[in-house]
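K.L.:
One-letter residues, chain by chain:
There are 2 protein chains.
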Amino acid sequence: MSRPTLKDIARRAGVSISTVSYALNDKSTLPLAEATKNRIRTIAHELGYVPNGLARSLQARSNRTIGVLLNKPLTTPRYAEIAQGLSVGLARRGFHLALLDGESADRCIDDARGGLLDGLVFIGHDDLEVPHELAVDIAGHGIPFVALDCGPARAPHVWSSVDFDYAEGVRLLVQSLVLDGVTQIVHLRPDVTSRADRTRVDTLEALARQNAIEVMAISTGITDETLARLDREPRRSLEYTTELIGRLDAALDQVTQTSTTAIVCSWGVDAEPAYFWTMQNAPHMRVAALAGGSLDPRLWPRLTYSRLPLAAAGEACAGLIIDASTSRDSPTRVLLTPTLDSGAADPLAALD
Amino acid sequence: MSRPTLKDIARRAGVSISTVSYALNDKSTLPLAEATKNRIRTIAHELGYVPNGLARSLQARSNRTIGVLLNKPLTTPRYAEIAQGLSVGLARRGFHLALLDGESADRCIDDARGGLLDGLVFIGHDDLEVPHELAVDIAGHGIPFVALDCGPARAPHVWSSVDFDYAEGVRLLVQSLVLDGVTQIVHLRPDVTSRADRTRVDTLEALARQNAIEVMAISTGITDETLARLDREPRRSLEYTTELIGRLDAALDQVTQTSTTAIVCSWGVDAEPAYFWTMQNAPHMRVAALAGGSLDPRLWPRLTYSRLPLAAAGEACAGLIIDASTSRDSPTRVLLTPTLDSGAADPLAALD
Numbered sequence: 008m009s010r011p012t013l014k015d016i017a018r019r020a021g022v023s024i025s026t027v028s029y030a031l032n033d034k035s036t037l038p039l040a041e042a043t044k045n046r047i048r049t050i051a052h053e054l055g056y057v058p059n060g061l062a063r064s065l066q067a068r069s070n071r072t073i074g075v076l077l078n079k080p081l082t083t084p085r086y087a088e089i090a091q092g093l094s095v096g097l098a099r100r101g102f103h104l105a106l107l108d109g110e111s112a113d114r115c116i117d118d119a120r121g122g123l124l125d126g127l128v129f130i131g132h133d134d135l136e137v138p139h140e141l142a143v144d145i146a147g148h149g150i151p152f153v154a155l156d157c158g159p160a161r162a163p164h165v166w167s168s169v170d171f172d173y174a175e176g177v178r179l180l181v182q183s184l185v186l187d188g189v190t191q192i193v194h195l196r197p198d199v200t201s202r203a204d205r206t207r208v209d210t211l212e213a214l215a216r217q218n219a220i221e222v223m224a225i226s227t228g229i230t231d232e233t234l235a236r237l238d239r240e241p242r243r244s245l246e247y248t249t250e251l252i253g254r255l256d257a258a259l260d261q262v263t264q265t266s267t268t269a270i271v272c273s274w275g276v277d278a279e280p281a282y283f284w285t286m287q288n289a290p291h292m293r294v295a296a297l298a299g300g301s302l303d304p305r306l307w308p309r310l311t312y313s314r315l316p317l318a319a320a321g322e323a324c325a326g327l328i329i330d331a332s333t334s335r336d337s338p339t340r341v342l343l344t345p346t347l348d349s350g351a352a353d354p355l356a357a358l359d
Numbered sequence: 008m009s010r011p012t013l014k015d016i017a018r019r020a021g022v023s024i025s026t027v028s029y030a031l032n033d034k035s036t037l038p039l040a041e042a043t044k045n046r047i048r049t050i051a052h053e054l055g056y057v058p059n060g061l062a063r064s065l066q067a068r069s070n071r072t073i074g075v076l077l078n079k080p081l082t083t084p085r086y087a088e089i090a091q092g093l094s095v096g097l098a099r100r101g102f103h104l105a106l107l108d109g110e111s112a113d114r115c116i117d118d119a120r121g122g123l124l125d126g127l128v129f130i131g132h133d134d135l136e137v138p139h140e141l142a143v144d145i146a147g148h149g150i151p152f153v154a155l156d157c158g159p160a161r162a163p164h165v166w167s168s169v170d171f172d173y174a175e176g177v178r179l180l181v182q183s184l185v186l187d188g189v190t191q192i193v194h195l196r197p198d199v200t201s202r203a204d205r206t207r208v209d210t211l212e213a214l215a216r217q218n219a220i221e222v223m224a225i226s227t228g229i230t231d232e233t234l235a236r237l238d239r240e241p242r243r244s245l246e247y248t249t250e251l252i253g254r255l256d257a258a259l260d261q262v263t264q265t266s267t268t269a270i271v272c273s274w275g276v277d278a279e280p281a282y283f284w285t286m287q288n289a290p291h292m293r294v295a296a297l298a299g300g301s302l303d304p305r306l307w308p309r310l311t312y313s314r315l316p317l318a319a320a321g322e323a324c325a326g327l328i329i330d331a332s333t334s335r336d337s338p339t340r341v342l343l344t345p346t347l348d349s350g351a352a353d354p355l356a357a358l359d
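Chains Z and V, in that order, are what the protein sequence lines are.
Under the working numbering, residues 8 to 359 are what the first sequence spells out, in order.
Under the working numbering, residues 8 to 359 are what the second sequence spells out, in order.
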């Protein structure tokens with residue numbers, strides 16, 4: 008296939024190549040009769056002329072692409088929702104999202120320095136913050152950069168960031184449970200040394216003291232070591248679920264006041280087996296999670312999620328990274344608050 | 008920040024700029040002493056030289072990026088799993104995945120012709136196949152292209168494709184239900200004119216006749232019109248769930264043999280409200296879906312999914328699009344078979 012060139016258009020229009028170039032370039036300041044410009048543009052359109060995208064990018068020093076370092080699979084709903092928010096936010100601004108899955112930091116830096124990527128967004132998780140070497144390269148080469156869910160930076164801010172207010176999420180959930188008459192919380196949490204989970208534990212303990220609530224901590228058995236393996240599985244293994252239910256069963260054996268007790272899961276994924284356990288053993292016990300889970304809380308009664316505003320966080324990152332790539336404003340920090348999602352309605356009751 | 012140039016390296020090494028260029032170009036056939044080459048490369052490394060990525064791409068006529076036209080949000084688990092498979096498959100081959108969410112076909116074609124994208128992957132759904140205008144542009148401009156889940160092409164194949172064997176998925180599920188003693192199937196399906204669902208209905212009816220199974224069709228109430236609205240909602244609306252449960256309740260009022268009846272949902276998302284209904288009304292009734300759903304079938308008894316191999320489909324697309332962008336082999340069609348996912352174990356029974 009041979010692509011029409013400026014020369015082809017010039018020949019057809021009976022003008023010089025540079026006149027064609029002026030006519031097709033929006034930013035050209037050269038005076039050119041509107042009629043001539045339109046005639047040349049019409050011919051270019053008829054011939055199917057497309058400016059060479061790479062050459063155009065080279066000139067504009069922009070590839071209209073933002074690289075997203077997502078170190079977790081999209082099959083984890085949390086990361087799919089963030090990526091979706093980013094994608095929508097970038098598309099609205101005329102940018103593509105490039106997923107840099109399993110990419111080495113070196114190559115990202117090369118691609119950003121080389122102009123293939125206009126900026127990088129780093130998605131943190133658990134205790135993964137911006138790696139030191141990446142931070143050094145970002146700062147050293149002045150690469151537009153935004154960090155999501157990495158917590159307050161230790162060094163002075165050199166980039167913008169978006170974070171979740173985990174403490175406020177716990178506070179809102181505990182407040183709603185207290186209003187519902189809950190006096191005992193069974194806190195089901197992984198043995199993972201994550202910043203988010205340390206905040207959850209500290210906040211929950213402080214709130215328990217304030218509200219005279221008894222907190223019983225149960226480990227799900229998940230450690231940093233087992234986590235990496237579970238991440239690679241599209242669906243959680245049966246052993247994990249069985250282990251969790253066994254631990255819940257042993258711990259809750261001692262609980263008698265099931266209607267004033269709530270199971271609060273640190274992770275959304277744990278709410279499904281916890282709820283399953285209550286259906287068989289304690290049908291009045293509330294189940295809550297400090298993130299969204301798979302069961303629909305508008306369908307299943309006694310279930311509440313403190314949902315992280317994941318799509319909004321992705322959209323906020325999209326805005327901040329475009330700002331960072333086009334201007335040199337000082338970095339900003341956006342802090343987003345979780346919202347409660349609780350099933351008030353009962354679809355079956357409505358039928359009676 | 009000023010980026011070191013070939014000139015800076017040449018000055019430091021005391022050689023000409025073209026010698027530096029030869030030394031740094033892997034594909035150069037010019038004879039150059041290995042020692043000189045290594046010395047120049049070491050200096051380039053020390054100075055932090057990075058070849059201009061865009062300029063390099065322009066020369067190689069490759070941006071190492073594949074555009075994926077995903078017309079559905081990543082928050083739908085089905086599309087997240089496909090995108091994850093694609094991302095893994097492309098990363099393994101050194102390519103980026105660019106999400107072209109909400110992108111107009113024109114701009115995709117421009118980006119592919121201009122070299123910003125090395126190829127396009129189109130993800131179909133319901134009755135969305137490759138739009139005619141896109142197909143014409145793809146063929147006319149010889150753009151590397153792969154279609155996923157678009158069904159057999161009407162025109163002679165000009166591109167490779169990956170599809171799911173929906174009929175075989177129905178056959179495997181019905182076979183397993185018959186082995187479990189099911190004699191009546193309540194087929195819960197949307198009023199959506201989708202190719203996949205027409206195949207499901209036709210196959211189910213043919214199998215029912217063969218196996219003397221009674222099939223009762225119930226519409227979920229979802230039409231092409233309401234579908235677009237539901238897609239934009241991160242979580243299905245309560246009205247949808249209430250409507251579905253109401254229809255199920257009315258239709259199943261007449262069913263008496265609940266232990267030999269199974270609800271088979273065309274869509275995975277409908278299995279959760281259907282299962283919820285059985286828990287309250289028919290605790291022995293089997294629930295199945297012709298795609299994966301949110302409830303874990305290894306936790307909840309009586310639940311079976313015929314899962315589409317979504318990640319495998321994404322990975323297959325990654326391989327085919329790289330093949331299409333690097334060689335001119337004739338197009339191939341890959342057909343993937345769904346697999347059954349059924350909860351055999353009972354985590355609570357294991358505790359007793």
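Derived by calculation from the structure, the hints in this document are not laboratory data.
Just to be clear, a hint being listed does not mean it is correct.
In this list, chains with the same sequence are indistinguishable; a pair is considered to hold if it fits within one copy or across any two.
Using 25 angstroms as the maximum straight-line C-alpha spacing, the simulated SDA-like pairs for lysine to any residue come out as follows [stated by the list, open to error]:
no., residue 1, residue 2
1, LYS79, SER25
2, LYS14, GLN182
3, LYS14, GLY149
4, LYS14, GLN261
5, LYS14, ASP113
6, LYS14, GLY147
7, LYS14, GLY121
8, LYS44, ARG114
9, LYS44, THR200
10, LYS44, GLY121
11, LYS44, THR190
12, LYS79, TYR29
13, LYS79, ALA98
14, LYS44, GLN287
15, LYS14, ALA258
16, LYS79, ARG305
17, LYS79, GLY326
18, LYS14, ASP133
19, LYS79, GLY55
20, LYS44, ARG120
21, LYS79, GLU240
22, LYS14, TRP274
K.L.:
None of the hints should be skipped; say for each whether it holds.
P.N.:
Comparing the hints with the structure gives:
no.: 1; hint: LYS79 with SER25; verdict: neither (50 angstroms within a copy, 43 angstroms between copies)
no.: 2; hint: LYS14 with GLN182; verdict: neither (72 angstroms within a copy, 66 angstroms between copies)
no.: 3; hint: LYS14 with GLY149; verdict: between (39 angstroms within a copy, 22 angstroms between copies)
no.: 4; hint: LYS14 with GLN261; verdict: neither (85 angstroms within a copy, 76 angstroms between copies)
no.: 5; hint: LYS14 with ASP113; verdict: between (40 angstroms within a copy, 24 angstroms between copies)
no.: 6; hint: LYS14 with GLY147; verdict: between (43 angstroms within a copy, 21 angstroms between copies)
no.: 7; hint: LYS14 with GLY121; verdict: between (30 angstroms within a copy, 17 angstroms between copies)
no.: 8; hint: LYS44 with ARG114; verdict: between (42 angstroms within a copy, 23 angstroms between copies)
no.: 9; hint: LYS44 with THR200; verdict: neither (64 angstroms within a copy, 47 angstroms between copies)
no.: 10; hint: LYS44 with GLY121; verdict: between (34 angstroms within a copy, 22 angstroms between copies)
no.: 11; hint: LYS44 with THR190; verdict: neither (76 angstroms within a copy, 74 angstroms between copies)
no.: 12; hint: LYS79 with TYR29; verdict: neither (47 angstroms within a copy, 40 angstroms between copies)
no.: 13; hint: LYS79 with ALA98; verdict: both (22 angstroms within a copy, 14 angstroms between copies)
no.: 14; hint: LYS44 with GLN287; verdict: neither (76 angstroms within a copy, 72 angstroms between copies)
no.: 15; hint: LYS14 with ALA258; verdict: neither (80 angstroms within a copy, 70 angstroms between copies)
no.: 16; hint: LYS79 with ARG305; verdict: between (28 angstroms within a copy, 24 angstroms between copies)
no.: 17; hint: LYS79 with GLY326; verdict: both (22 angstroms within a copy, 22 angstroms between copies)
no.: 18; hint: LYS14 with ASP133; verdict: neither (57 angstroms within a copy, 45 angstroms between copies)
no.: 19; hint: LYS79 with GLY55; verdict: neither (42 angstroms within a copy, 30 angstroms between copies)
no.: 20; hint: LYS44 with ARG120; verdict: between (36 angstroms within a copy, 24 angstroms between copies)
no.: 21; hint: LYS79 with GLU240; verdict: both (11 angstroms within a copy, 24 angstroms between copies)
no.: 22; hint: LYS14 with TRP274; verdict: neither (62 angstroms within a copy, 55 angstroms between copies)
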